[in-house]
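Residue numbers (the working numbering), protein chains in the order written: chain B, 67 to 669; chain E, 3 to 207.
What the hints contain is simulated information worked out from the structure, not anything from laboratory work. Check each hint, because a few of them may be wrong.
Claimed, not checked - Stretches of chain B that chain E covers, calculated by requiring three or more beta carbons in the stretch to come under 8 Å of a beta carbon on chain E:
1) 463–469
2) 489–498
Stated by the list, open to error - Not close to chain E: a few residues of chain B, all C-beta gaps over 12 Å, as computed:
3) 67
4) 157
5) 316
6) 319
7) 372
8) 455
9) 474
10) 476
11) 522
12) 536
13) 540
14) 560
15) 597
16) 645
Think of the CB as a built atom: it goes at the ideal place given N, C-alpha and C, for glycine as much as any other residue.
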Amino acid sequence: MSPVTVVWSMIAAACLTLAAVHLPVWWRNREARATLAFSIAAICTAAIALCELMMLKAPTPAAYVTAQRWMNLPIALLLVALAAFAHHYLDARLRWLAVTAIVLRLVSLVINFSVGESANFVHATSLRAVPLMGEQVSMAIGERNPWRVIGQIAVFLLMLYFIAASVHAWRQGRRAVAVLVGGSLTFFMMASLGRAFLVSWQGGDAPSTVSLFALGVIGVMGYALSADLLRAKQLVVELSEREREAELVADAANLGTWTRDIVRDKVLASKKLRELFGFAPDERLDGERLAQRVHVDDRAAFRDRLSQAARRRGEYQGEFRLVLPDGRLRWIAALGRVDSDAKGNALRSRGACIDITAAKEAEQEMLRLRQDIAHVGRVSVMGQISSALAHEINQPLGAILRNAEAAALFMQDESPDLHEIRAILEDIRKDDQRASAVIDRIRALLRHEEVAMTRLNVRGLLGDVATLLRPDAAARHVALEFAVPADLPAVRGDQVQIQQVLLNLILNGMDALEGLKDRPRWVSVTARRDGPAGVEISVSDSGRGIGADHFARIFEPFFTTKTKGIGMGLSISRGLIEAHGGRLWAENTAIGATFRFTLPIAS
Amino acid sequence: MAEPTVHVVDDDESFLIAMARLLRASGFLARTYSSAREFLAERGADEPGCVLVDLRMPDLGGLELQAALAETSFPLPVLFLTGHADTASTVRAMRGGAEDFLEKTAAKEVLLDAVRRALERNEHEREERSYREELRARFAAISTREREVLEHVLRGRLNKQIAGDLGIHERTVKVHRKSIMTKLSVKSVAALAQLSQEAGLAVHS
């Protein structure tokens with residue numbers, strides 16, 4: 067067999083093989099348009115090689131131009147495929163250049179089949195034998211087709227397009243690709259133009275060798291694509307490494323991770339997540355199944371998050387209680403992120419969960435302790451003082467009593483021992499003094515520090531009180547509201563004492579809400595100007611108000627309606643406010659009770 | 003027998019004196035101590051009486067005194083006094099074993115009644131104690147062999163069986179039985195059984 071036949075057949079075979087390798091790649095990933103363009107280019111090159119072989123081996127001018135005429139069809143398609151490859155692979159700009167070139171080439175294809183014997187010849191008159199690879203091959207001579215210039219302009223425009231594409235790729239930093247792929251495409255066009263100039267315009271002797279050049283381009287393109295495949299493989303390996311790392315990190319941090327396909331509502335969960343939610347390793351999961359594990363009180367919020375995630379993009383987070391199959395309660399914190407497609411439709415959400423039961427329990431324990439401390443602090447200071455007082459004072463009182471009783475008994479004697487009775491009376495006097503010393507000591511203990519009258523900013527004062535009471539209020543499910551006008555003037559008073567009064571009134575308000583479930587539970591504190599020289603602060607609650615039979619007595623010392631109260635709060639508060647030159651009084655309002663007090667404006 | 007004494011223990015000297023005065027005026031014999039240690043060191047052995055002690059004292063308090071007293075061979079009933087019986091200290095004292103718990107300002111009648119009851123209790127306990135002492139002395143006179151025979155008798159076994167069990171002659175058993183009855187000064191087996199029970203003699207079955 068002649069070398070030309072062997073080489074040209076091998077070109078066709080090689081190109082078809084490359085196409086057979088790359089077409090399935092495109093089939094599996096339709097996004098890989100460059101692969102499709104490459105496959106088409108390879109098939110076209112195979113067709114070109116076969117047509118060209120027929121030309122080179124043509125026995126008559128007619129056979130030659132027929133083969134040439136049919137070869138122009140795969141050539142046109144090849145140019146379209148190359149333009150598409152440059153567009154997708156090199157991300158080429160100046161699309162109009164490519165479109166114009168293709169349109170011109172198609173026009174040339176129409177001419178190829180309508181005017182003359184082919185796009186190249188109006189009429190081929192004879193064949194000339196020229197040497198190629200050591201043998202003689204055919205080359206036609208005759209009247210050239212003047213319209214062939216259209217096809218050559220198309221090739222020229224494509225060459226410009228490829229040059230532009232190479233420059234663009236170079237600027238984008240893909241230099242190897244720009245030089246290799248862009249360069250070979252451009253070179254192919256230049257070679258094609260060069261041969262056309264030589265042969266069809268200068269009448270030079272050169273057999274048709276389009277296939278050889280086309281093969282070169284296909285080779286370079288194939289190499290570039292394979293390099294991409296190899297890189298993708300490498301990325302897959304790296305990705306699975308990352309995945310394993312991420313898994314390790316998640317395990318170490320006790321993180322359960324999941325991915326939820328929002329469209330099909332399918333949940334893929336990590337082993338840890340299944341452990342957290344108490345699911346078996348092979349159980350099928352969806353949003354609803356997850357929701358079923360969530361505590362009834364939190365379920366609505368959980369579903370909200372899920373549907374919100376489907377509607378919105380971005381991140382979301384929350385804390386939920388889970389009820390495990392064995393009845394245990396578990397707190398989890400969840401963080402999720404929604405992925406959307408290009409149109410902004412939510413596709414899937416991913417996220418991580420962590421067990422925060424221990425932290426939650428500690429937090430609630432803290433809250434409970436704080437509540438206890440607040441309560442104990444309030445009721446037991448007075449309790450302690452009164453207990454200590456009783457103990458101290460009962461010592462001398464007991465002694466006085468026993469002495470008096472003994473004296474009374476001695477007096478019943480016929481001849482009472484007056485000496486003894488005198489001693490008893492002396493002891494009684496001493497114990498009486500001892501008792502009043504105890505009282506003095508307790509009073510000194512209870513006496514307030516030096517009263518410091520200063521300018522007080524009401525807003526700041528209420529802010530401090532709010533900080534002190536917020537945890538207590540939250541734990542008792544009471545909404546605590548404060549309203550202070552910005553232009554309220556400063557008042558004059560002792561900060562600690564006024565805060566004590568406020569604490570007392572607000573805590574009373576919260577006590578009034580104890581056990582009430584049929585109404586909104588709030589305590590509201592407002593301040594306003596009261597005449598030219600005063601400010602009025604009121605504390606209102608949404609409780610049941612003050613009973614008519616209690617109303618007259620609430621400011622009396624030791625009057626209380628509470629089981630644990632000692633009935634001193636309002637009495638002391640009123641004393642403190644009056645010492646400041648203000649007034650403290652109570653009103654029943656349409657909703658609950660309101661306590662109001664006034665303070666003088668600081669001069 | 004010696005007159006029962008009311009021992010008053012309190013670190014508050016004034017109350018101590020007043021209390022002793024009232025007790026004496028009410029016809030009791032009273033002794034005063036300013037600390038629990040002083041009382042424990044000075045009290046005579048086996049004297050009738052009771053103790054009135056302040057619950058809260060520095061060093062040894064009332065409950066500690068009660069515990070120390072319970073370990074002696076002649077414990078006395080203890081009455082606790084406190085300045086102010088708040089819930090916490092009452093609960094603590096009750097848990098610690100206090101039975102009578104009075105405020106220092108309690109009514110005289112309540113206080114004196116409690117003292118009287120305590121003395122009665124002490125007298126009763128002392129009688130029981132001396133009866134048991136006497137029993138113990140009587141049982142102590144019984145020889146080891148006699149004790150073995152006694153145990154068998156208490157189990158209701160016949161002389162012949164006892165003789166077989168102990169490997170002695172039936173007549174010897176009869177001699178032992180008679181000796182036992184004489185030493186314990188009882189006349190019937192029923193009385194013997196009751197006495198043995200009162201003496202806390204265990205019957206192994």
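For each hint, the structure was consulted:
Check result for the region 463–469 of chain B against chain E: holds, 7 residues qualifying (beta carbon to beta carbon below 8 Å, three or more required). Beta-carbon proximity to chain E at under 8 Å applies to 4 residues in the region 489–498 of chain B; the threshold of 3 is reached and the given coverage holds. Listed as a non-interface residue, residue 67 (chain B) keeps its Cβ farther than 12 Å from every Cβ of chain E; the least gap is roughly 117 Å. Against the 12 Å criterion, residue 157 (chain B) stays outside the reach of chain E, whose nearest CB is about 85 Å from its own CB.
Once the 12 Å rule is applied to beta carbons, residue 316 (chain B) is consistent with being away from chain E; the minimum gap is 53 Å. Distance to chain E confirms residue 319 (chain B) as a non-interface residue, since its nearest Cβ pair spans about 48 Å, more than 12 Å. For residue 372 (chain B), the condition that its CB be more than 12 Å from all CB atoms of chain E holds, with the nearest at approximately 54 Å. For residue 455 (chain B), the requirement that its beta carbon stay farther than 12 Å from each beta carbon of chain E is not met, with the minimum near 8 Å.
Taking the minimum C-beta to C-beta distance to chain E, about 8 Å, the non-interface status of residue 474 (chain B) is violated against the 12 Å cut. For residue 476 (chain B), the requirement that its beta carbon stay farther than 12 Å from each beta carbon of chain E is not met, with the minimum near 5 Å. Remark: the non-interface label on residue 522 (chain B) is consistent with the geometry, its nearest Cβ contact in chain E lying 38 Å away (cut-off 12 Å). The Cβ of residue 536 (chain B) sits about 32 Å from the closest Cβ of chain E, beyond the 12 Å cut-off, so the non-interface label holds.
Look at residue 540 (chain B): its CB is around 31 Å from the nearest CB on chain E, clear of 12 Å, so calling it non-interface holds up. Even its closest Cβ contact with chain E, about 32 Å, leaves residue 560 (chain B) beyond 12 Å, as expected for a residue assigned away from the interface. Taking the minimum C-beta to C-beta distance to chain E, about 48 Å, the non-interface status of residue 597 (chain B) holds against the 12 Å cut. For residue 645 (chain B), the non-interface assignment is confirmed: its Cβ lies about 31 Å from the closest Cβ of chain E, beyond the 12 Å cut-off.
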